[in-house]
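Trainee: Chains A and B supply the protein sequences, listed in that same order. To get the working numbering, take the position in the first sequence, counting from 1, and add 1. To get the working numbering, take the position in the second sequence, counting from 1, and add 626.
By construction, these hints were calculated from the structure, which means they are not laboratory data. Remember, predicted model here, so these are calculated numbers, not experimental data. Check before you lean on any hint, since a few could be wrong.
Said to hold, decoys possible - Here are some chain A residues pointing at chain B (derived, C-beta under 8 Å):
1. 34
2. 139
3. 144
4. 150
5. 152
6. 160
7. 287
8. 319
9. 323
10. 328
11. 336
As the list claims (entries may be wrong) - Some, not all, of what chain A presents toward chain B, calculated at C-beta under 10 Å:
12. 146
13. 154
14. 340
Claimed, not checked - Footprint (simulated), chain B over chain A, 3 or more residues, beta carbon under 8 Å:
15. 47–56
16. 329–335
Beta carbons are placed, not taken as given, at the ideal position from N, Cα and C, and that holds for glycine.
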Amino acid sequence: MRIRLEPRPEPSRLAGWLSPLAAAAATLVVGFLLFSALGKNPWQAFHVFFVKPVATLYGLGELLLKAGPLMLCAVGLAAGYRANVWNIGAEGQLTMGAIFGGGVALAFHDSTSPLVLPAMIVAGALGGMAWAAIPAFLRTRFNANEILVSLMLVYVATYTLSLLVHGPWRDPEGFNFPQSKLFNDVALLPNLLPETRLNRGFLLALAAIAAGWVFMSKSLVGYQMRVAGLAPAAANYAGISATRTVWFGMLAGGACAGLAGVNEIAGPLGQLQPSVSPGYGFAAIIVAFVGRLHPLGILFASLLMSLLYLGGESAQMGLALPSAVTGLFQGALLFFLLASDVFINYRLRVLRSPRSPSASGRSPLPRAGR
Amino acid sequence: MDHIAELLVLTLAAGTPLVFAALGELVTEKSGVLNLGVEGMMLVGAVAAFAVAATTRNPWLGVAAGMLAGAALSLVFAVITLSLMANQVASGLALSLFGVGLSAFVGLPYVSIVIDGLKPLSISGLSDLPLVGKLLFGHNPLVYLSFLLFVAIQWFLYRTRPGLVVRAVGESPQSAHAIGYPVVRIRYLAVLFGGACSGLGGAYLAVAYTPLWVEGMTAGRGWIALALVVFATWKPWRVLAGAYLFGGVTLAQFQAQALGVEMPSQVLSMLPYLATIVVLALISRDAITIRLNAPASLGKPFHPGS
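Excised from the complex, chain B in its bound form (with noise of 0.2 Å):
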């Protein structure tokens, strides 16, 4: 049984920088800006609390630096795609290629450097009860921020004025121009939210789950991000059950082993990207589910008076 809890806080563990990532992009999509550079600003934001939490010793600080350079990345996004109203695909593709590239360079220094990193919690006395000790206090403080942000993020999505204001502008921004609302200045905001959001999911890999930088580590998990926002039809719930899902996937590679498969440890690296192509081919079939889920002016660039 222990076990199995056990195995239950890796899954979450292993899928919390998806989740971080992929709740940003929806809410950016939401919006109706259809941001690919995920990628880029999950590596910058990991190099960036990598190398603050190495040089402050304060891996609380790495994680807000994290953010902020994903937000700051994102910003160069928005001022081409919303101010200069350049292609979006194209302009997220330029972006995660740079994001890749400037990770490498800014992370040259601290590849072989260790530091200590954001350890789960260890509370005595609860943390030992069986079966729900671990599931309930065992997990590392981001993971349990990763559940703040997705209360939140539904909260606001659903529950408030703004957040509507986020959806409509997402669906008709047109419309929601005519009324009065300031949606280029809305779309800047949920662009720099997914970016501080991807650069917190990066964050949480370079300095809680894995506590060390290497080129490229996120190892695709910001491409599997933006799969995981379509395969939930842009419903946050969706997102956490999916991202978990791909935790799962993804720890196949170290539980297999455990359990004693023959296989190849290619093959089961291959598995998460395997199972993005697959479940995206599913959930895309029923066009018409994914047509009404989708905001509808996603990728659009908006020019009032157009």
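Chain A on its own, in the form it takes in the complex (with noise of 0.2 Å):
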């Protein structure tokens, strides 16, 4: 008996669909077994985990307040990957949208202009953008491998924070805390949901989901991306620049990101701290992949990728687990994905004996003759 992989004759529909919950349930398998390894009565795990975060309105507060930056970025990063832009460098982007923000708001500290928001907001998404178009740059003029540049870039941006929260933008009130005067007011978005931390902030990820289902699915340059992505000998062929491609892809991957870090320091931080992300950046790859590159799929991911992190911290306090363990089932989730995204152009067939008729594969046609 023996297993082979076969290739479709045409891409599974159904295995689509059905690829990104089969990864979340061999997720939830293997957190299964890892409680239970860990010495933890594995339904009082799961109950932890994943009920008992969302089961207040608070909770769903929080639920939603992680999505929000996460569908952001993953809105913007989806852009670039569906025309193979891999832009790897979103936590970095959304560090750079949090600097540009906090320094409008530290700017204009004594103002109290309605405008001052509405200006970090802009100012966050222009932070966003121009540390993307660094590897926009040297890929399109240079050749050199966005992935890797839009990476060391998360570093220096990550650096770059620190030393304006160590130095000059210190708050001198602030105990010599590495962290900037906290924002007053006007600089601060409005809450939404009352009982909760979630702002309207969240409002701006939903209108990025939207705005990425129309551009996607409706807009010319969005055809183009996909094209680009699908075909890109056929892309060239139809006159459609690579350049382009490159730089849109980047750059709406950098805005959402930058997005991303204003809401963050605009909403529940408050000011600019040495650490301004848990790591939404490199989660919203993920979230990007599960939610199959397509809006839709990345709201529903993001909220699975958010509760993954309230679990995280939930455990941390009524499991004594390391929260470290959010970090297991992020790449657990991603690793599952990709390998039941295979059987959507693959398909597994059983062979047995030739004198026992084939009864496994998901084969469609008898097998005639045999």
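Assembly of the complex is requested from the two constituent chains, each provided in isolation within its own frame, with the hints serving as guidance.
Mentor: And the structure:
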């Protein structure tokens, strides 16, 4: 008996839908085994990890609060990934967006104008775009791999933020802590859901999802990006500029990540700190893939990822499990997704000896004459 | 003069994790597989090496454990990309993210533990010779291992038949397959070797260079190693040169203070990453050279009969 992977005549749409669900299920199974191996009651652990965080209104607010930046970053990244533009530096672009937005907030710290917040948001988007422009430029002009450049820039951005909050932007009345002055009220996002920390930045994330959907499926540039990713040679022949594809893919990711950065500092953080994100930029990569690079899928995937974040925190308190378990689940989820994605283009065939007819495998046609 | 010798020894020591990881990745890429998971494999190797060294009080066992851990993680990657034919770029990213998470998780109990790591050699008499003493006899044992690794890989790839086969598989897997070579199995071995070397690089960091464990302690060296392979246009001796160059840049953080240079520490810390970007841009500029030197099938999945 042999198991073989056979190419399908055409990609399976059913597998395309089932694959993220299968990956999520497999991740849950791994979680189950992991909790058992660590000596915890797996059902109780499941409850603490997945149910307890969202059992209250506050918990739901937290879920959406964390899902917002994930959605924003992932939608921007997905636009690029569809065109094979691999922006891995969303974390750095997010940081830069926070720096730019925070800079505006600090510059107008004594102002009470309602224009401060919009200015911050625009500055944040521009900051993220500027940071993403570097790998775009180096790729189009110098053929440098954008994965490596954008990733190196994450480290540079993090050090830049550290430099600023330890030095020129440190709060003089902050007891020497490396953090900026607390932003005053005009620089903070208004609350969206009372009794929770959810702010209006979430609306920005939803708008990005809608914009992403419209752009990808209805606009000409979105169409061109998809073609560039699926068939680069055909795109080139059709006159779709590869340069413009790279620039657009990177800038979209950068702008969205920058917006997410501003959302963080104008929302839950309220100031600039050495770390403005628990890895949202990297988690967004996983969200983009699990969401099938489609805005609606990204919406659901970001809710799942947000739950993983909350679960990690909850497990830390309720189960004495390390919060690093979140990173483990996130990585495992992506792995399982890639593995189950295989079945979109290939199918499993179990070959038995010629005497008994092949009963398994997903061949829809009866085998004739064997 | 002695100060220069000291600096050179430190530079070599700082570049050694890059040497291990980049040489391993070079072999993997020579067979046509692009494994972006080097950072994850290094971290997993580091945490495994530290954990085993702390538990068994034997740093060499730790090094062996680090190699095994790196290889084991790369096996997951190999199965997904070689047998299940998933996208190599996405799978490599997944490997890195997973390795970072796994190592952070496994390493928690070891965060403030101190171990007796591998120290640089100190042979009485020989190591005290002026200038050459330290330079020839004062390195960490793993640094000598890295020299051996370089020689072995250079010899294997360019002077042996199996090495030729590996390169052939990387240039044209279809032709190699037609001749009858087991392309998938060769790629598996290349990936595992690369994983073991990355694990070794991580083990060196955690057991020899700075004997401690901190979450994310490789600080992006895995990614720099990937850039190094491109920078070296897939030639082992250039990998060595590049690794030591970067080692030197990394050292600048500490040397600048000694030299009295007034720069914020964060700017100095940024230097290796900025240097990587600059170097990558400069070397990639010549697309023809890259195309000539890169293994022709790099990153493309191999399906017999396609």
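Trainee: Of all the hints numbered above, which does this structure not satisfy? Sort the numbers upward.
Mentor: 1, 8, 15
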